[in-house]
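Visitor: Chain by chain, the residues:
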Amino acid sequence: MTKIFETPLYAYKRSKDQGAGAPIRHKVVIIGAGPVGLAMGIDLAQEGIETVIIDDNDKVSFGSRAICFAKRPLEILDRLGCGQPMVDKGVEWDVGKVFFDDREVYKFDLLPEEGHQRPAFVNLQQYYFEEYLVNRVRELEAAGAPIEIRGGNKVTAIGTHDDHVTLEIDTQEGSYNLEAEWLIPCDGAGSPTRKMLGLDFVGRVFEDNFLIADVIMEADFPTERWFWFDPPFNKGQSALLHKQPDGVWRIDLQLGWDIDKEEEKKPENVIPRLKAMLGDDVQFELEWVSIYTFQCRRMEAFRHGRVMFAGDAAHQVSPFGARGANSGLQDTDNLAWKLKLVMEGKAPDSLLDSYNAERVHGAEENILNSSRSTDFITPKSEMSRLLRDAVLDLSEHHEFARPLVNSGRLSVPCTYDGSPLNSSDALDGPARTRPGSACPDVPLGDDYLLPKLGGKFTLLTIDADAPDMVEEDGITVARLALSVKDDKSGALKARYMGDATSAVYLIRPDQHVAARRPNYDDNLFRAAIRRATGKE
Amino acid sequence: MTDLILTPNIDGADDFYAELLTAHDGLSKEDSDALNARLVLVLANHIGDRKAISQAIKTAKLGR
Ligand SMILES: Cc1cc2nc3c(=O)[nH]c(=O)nc-3n(C[C@H](O)[C@H](O)[C@H](O)COP(=O)(O)OP(=O)(O)OC[C@H]3O[C@@H](n4cnc5c(N)ncnc54)[C@H](O)[C@@H]3O)c2cc1C
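Quick note, the sequences are listed as chains W and Z, same order.
So the first sequence is numbered by my numbering: it starts at 2 and just counts up by one.
So the second sequence is numbered by my numbering: it starts at 1103 and just counts up by one.
Derived from the structure by calculation, the hints contain no laboratory data.
Every residue, glycine too, gets a C-beta built ideally from N, C-alpha and C.
It cannot be assumed that every hint is accurate.
[Said to hold, decoys possible] Simulated restraints, written as ranges between beta carbons of each label pair: (1) Ala1154/Z x Pro452/W: 19 to 29 Å; (2) Asp1133/Z x Phe401/W: 13 to 23 Å; (3) Asp95/W x Leu1137/Z: 52 to 62 Å; (4) Pro113/W x Asp1151/Z: 48 to 58 Å; (5) Lys1163/Z x Pro421/W: 50 to 60 Å; (6) Gly1114/Z x Glu397/W: 27 to 37 Å; (7) Ala1154/Z x Glu301/W: 33 to 43 Å.
[Stated by the list, open to error] A few chain W residues facing chain Z, derived, Cβ under 7 Å: (8) Tyr13; (9) Leu388; (10) Ala391; (11) Leu395.
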């Protein structure tokens, strides 16, 4: 059977732009049809913004990279119309086990909070994720949305101007030129665009190598995340075992720094390592083996005039914590609505600077978390190993040490504290829904809150009066009126009210809170709308 | 948040010190280091107060 990652999904086709007399100008050009570029394109096309996605390849991600997708990205994908296939195909998990040396030191249950439509995590091969995104692009195309993917198109040169960007593109039939009002490079960690524009990408390289193997096996390991520190089968190093759909298992084995990567990748060297881990009698087949060195780094600024970087091109993290693709989707979620308002002339260009401010903040948080996990997993000094081992030893018998064990702090949504778009918090409500937070979901009878918020500005009132519609300088905000009685489980009250008896929230199109107060006040909410759109 | 106590606070200082030394009796350098590391973690958790712990780390680092 041919795997989905071997099938061309957007094979090269000659476009009418090739051989046009003068370069054709498009509204938005996205470089890279990876998960981030595709999500970006879908978001814009759903809003009717003409978008061309350029990729030098024609297939989904080769082999398996990301496997772990968190709740917030799934919610974003719901808005993009492809959350459901992810959840249907993905493997849900809650339990993790931590092993040290030859013993299990403890077991944890993520104990996902009730009352969310989406699970805390699903595991799914990145190539399925990308396939679902491509399917969604096709669906939008069929419905007449202005989106196009051009496979076999490689960007080779970029020129930036005040009001547009020029691109030179290489194809099997020669090169052609294009123009874009806005350019969004999502061309991955090695971003050629970044290099063409001479932009920096600084951070930390972790001097270590990891063998990442995806194996197909009929094994009765439970659907749990197993993490080993210093196991007998990989002395002095770490290991991870995690389940994916189709009987595929992700195995990470830390190899150390001084190794011969090409040698280590050979099946005759990989198979004995895996047998030592899985046991001699387990039958398995290798789907994919790669060796990675991990890094945590980011661009100093994600926005450069008409060029806005997103995803791995803008920031890269080690995979412990599953923050790569998950944070890339939060980039696109943050950028799409802002770009739309600026393009429509409903918000000033400076609104796009808040993309930079908010997502640099997000990247910093992810880099901090991923660096700390990597430092715990791969201690780089004698003392850091000593302390790490002390934590693990104590964690077996004493609960207090368990929060210190860090085998990856799994991706959670970023709260934009201090964002220039936030109005100051005027509600004595729960901290988790303070301005800047991503709205947590809440059950509402047979439905949920987040689908009701959708992707527009919303005035959420809970046991409070307000106009059904507020229009402020081109921004229309519709009211969603709820009562704590709408949710028998009490989650609406707990997550949005706390001790307050009424609440009014201004919620952005990316479902982040912009402002909240106990009651509707016309002047103050109009100011909040202006502020949330970069006008104050 | 309380300030780190830097005035005498242990009753029977000599007994405490002897107990600490005895705990290391007969241990290899490696095992002793590991014991110290565990002890630091256990004590830090007992203190709990982030401000006091930060001050303790600074004081220890200064060495005076
Ligand atoms: C081992 C491993 C495990 C991971 N696990 C997780 C996880 O569990 N969860 C998670 O969220 N993330 C994880 N990640 C990270 C995740 O894979 C990346 O963050 C994600 O792929 C980034 O997507 P992207 O679209 O930004 O870039 P990419 O996926 O790298 O896509 C870039 C695209 O740009 C195209 N391109 C490049 N140059 C050009 C050019 N000149 N012209 C045209 N097109 C070009 C490429 O062909 C490619 O399609 C993991 C990564 C690794 C390596």
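Visitor: Each hint needs a verdict: does it hold in this structure or not?
Guide: Each hint tested on the structure:
Restraint check, alanine 1154/Z to proline 452/W: a C-beta distance of roughly 47 Å breaks the suggested window 19 to 29 Å. Remark: the range hint 13 to 23 Å for aspartate 1133/Z to phenylalanine 401/W is upheld by a beta-carbon distance near 22 Å. Between aspartate 95/W and leucine 1137/Z the Cβ separation comes to about 35 Å, which falls outside the hinted range of 52 to 62 Å. Checked against the hint of 48 to 58 Å, the C-beta distance between proline 113/W and aspartate 1151/Z comes to roughly 31 Å, which is inconsistent with it.
Range check, lysine 1163/Z to proline 421/W: about 37 Å between beta-carbon atoms, so the 50 to 60 Å window is missed. Range check, glycine 1114/Z to glutamate 397/W: Cβ separation about 32 Å, and the 27 to 37 Å hint holds. In this structure the hint that alanine 1154/Z and glutamate 301/W lie 33 to 43 Å apart at CB holds, the actual value being about 37 Å. With a cut of 7 Å, the hint placing tyrosine 13/W at the interface with chain Z is violated, because the nearest CB-to-CB distance is about 57 Å.
Interface restraint check: leucine 388/W against chain Z, minimum CB-CB distance 5 Å, threshold 7 Å, status holds. The criterion of a C-beta within 7 Å of any C-beta in chain Z is met by alanine 391/W, whose closest approach is roughly 4 Å, and the hint holds. Annotation: interface hint on leucine 395/W holds; nearest CB of chain Z at approximately 6 Å, less than 7 Å.
Of the numbered hints listed earlier, those contradicted by the structure are 1, 3, 4, 5 and 8.
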